[in-house]
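Participant: Now for the letters of each chain:
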Amino acid sequence: MRLIGLVIAAARHATIVLALVFLAFSVLDWFNPLMGFASSPAAAPLLVTFCLSALVTASLRGSRQGGRR
Amino acid sequence: MLVLMLAYVLFAATICAGYYEVNYVIPHSLDVGQEVVTDSEVTPAASTSVSSELSADTSAGVTSTSSVYHSSDVSVTLKHVSYDSGVFDNSASGANAHYGSKISYTLADVHVKDASNIRTAFAQDTYGVGFSELLSSMSARMGSVVGVNGDSYSNNRHANNGTIVRNGVIYRARSSTEETCVLYRDGTMRVFPPGSIDESQLVADGAWQSWVFGPSLLDEGGDSKTKFTTWDYITESHPRTAIGYYGPGHYCLLVVDGREPGRSRGMFLSEMSKLFSDLGCRIAYNLDGGHCSSMTKGTTVVSNPYKPSKEISDGLFICETGGTS
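Heads up: the protein sequence lines correspond to chains S and X, in order.
Residues 879 to 947 (the numbering used here) make up the first sequence, in order.
Residues 79 to 403 (the numbering used here) make up the second sequence, in order.
Looking at chain S on its own, in the form it has when it is part of the complex:
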């Protein structure tokens, strides 16, 4: 349970940080679409990590709240 708590905390922090990263990428891509910060294949691992952390945050946190009820 402690481990799950750590995972949820890490995922929550990662979700916020990576959201800020992709917001920055979106602004940069608006200025110069050719450089393709968000659309570059190199951004794919960051995007996957973002999606996974968001899923973990939403599902595990919701699961824990549901269990407490």
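Simulated from the structure, these hints should not be mistaken for lab results.
Watch out, some of these pointers could steer you wrong.
Pairs of lysine to any residue, SDA-like flavour, derived with a Cα cap of 20 angstroms [unchecked claim]: (1) X:Lys305 to S:Met879; (2) X:Lys352 to X:Ser215; (3) X:Lys157 to X:Lys352; (4) X:Lys180 to X:Ala170; (5) X:Lys388 to S:Asn910; (6) X:Lys385 to X:Ser215; (7) X:Lys157 to X:Thr378; (8) X:Lys305 to S:Asn910; (9) X:Lys305 to X:Pro271.
For chain S, the structure is supplied; the task is to place chain X on it using the hints.
Facilitator: Only chain X this time, still in chain S's reference frame:
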């Protein structure tokens, strides 16, 4: 809470900076695609179409002055033009208005006997990311008559960043969201709309060079355009580099100075389009501009870049036959 938010922003900034360094700055070569294989040599039609410019007295050998180069294979004439357009750049919320209304450009009128006289080079002779070199240094290495910056291919990391053909080799073959300009071994030139290039057809047709930046500046009839396939920032007034095509063997290279208050603000795409139309070009294509734009004759910079120490990732060069690549 504030400390936590600052920590989040710091972590995000660190990831962004690291991502930028690894993917755009730290030099690393990229995988090379396949070589273009063609049995076609330059056709006699392309050679004879160069006509009077190169059929003139070849017994004199090479003539070279500060504005002219003439040999049996290559003829280049440089023209410097300055004028007051009377139009200010009021884009960017008026931030560019202080550059004034004057425009200054250098135009190289180029005749070549063979498409192989038009060569390209990568910075530090390496296809990759993070490599840069002064245009004058690349010109020295190429032994070129005239050189200009290219399309900054390595900055284009978009997922659909197009097809790059350089000196007959396909380095990258992807779909593109931009128009692609292709120069063929027979000296003809063609601009492809986004997403319309067939790599196998490029091989079959003898592609020699390609550039992916754009947009094209003339319509199919060779007339100027007012709407362009690019984003709004590119249409504003900037220093410019562009290539024009009259017919096999006859081209022009344009470098517009810019961001120099009171001397030259740069050109809007629409102005550059009209210039190429007035010159009589059938095709004209915009290359990378801004702080990259410059032109060399020999190893001497003959335009007036506002950032003379800017290193670039690739260049386009007019060379005598047998120039190094």
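Participant: CA of Lys305 of chain X to CA of Met879 of chain S, is that 20 angstroms or under?
Facilitator: Roughly 61 angstroms separates the two Cα atoms, so the pair is violated.
Participant: Taking only the CA atoms, is the gap from Lys305 of chain X to Pro271 of chain X under or equal to 20 angstroms?
Facilitator: 14 angstroms, holds
Participant: Would the hint linking Lys157 of chain X and Thr378 of chain X be met if the CA-CA limit is 20 angstroms?
Facilitator: Judged against 20 angstroms, a Cα distance of about 15 angstroms means the pair holds.
Participant: Please verify whether Lys388 of chain X and Asn910 of chain S have alpha carbons no more than 20 angstroms apart.
Facilitator: 19 angstroms, holds
Participant: Is the straight-line distance between the alpha-carbon of Lys305 of chain X and that of Asn910 of chain S 20 angstroms or less?
Facilitator: Since the Cα atoms of Lys305 of chain X and Asn910 of chain S sit roughly 19 angstroms apart, the hinted pair holds (cutoff 20 angstroms).
Participant: Take a quick look at whether Lys352 of chain X and Ser215 of chain X sit within 20 angstroms of each other, Cα to Cα.
Facilitator: Since the Cα atoms of Lys352 of chain X and Ser215 of chain X sit roughly 32 angstroms apart, the hinted pair is violated (cutoff 20 angstroms).
Participant: Hey, Lys180 of chain X versus Ala170 of chain X, does the alpha-carbon distance stay inside 20 angstroms?
Facilitator: Distance ~18 angstroms between Lys180 of chain X and Ala170 of chain X Cα, so the pair holds.
Participant: When you check the alpha-carbon spacing of Lys157 of chain X and Lys352 of chain X, does it fall within 20 angstroms?
Facilitator: Distance ~17 angstroms between Lys157 of chain X and Lys352 of chain X Cα, so the pair holds.
Participant: If you draw a straight line from the CA of Lys385 of chain X to the CA of Ser215 of chain X, is it 20 angstroms or shorter?
Facilitator: Since the Cα atoms of Lys385 of chain X and Ser215 of chain X sit roughly 15 angstroms apart, the hinted pair holds (cutoff 20 angstroms).
The structure does not agree with the numbered hints 1, 2 stated previously, though it agrees with the rest.
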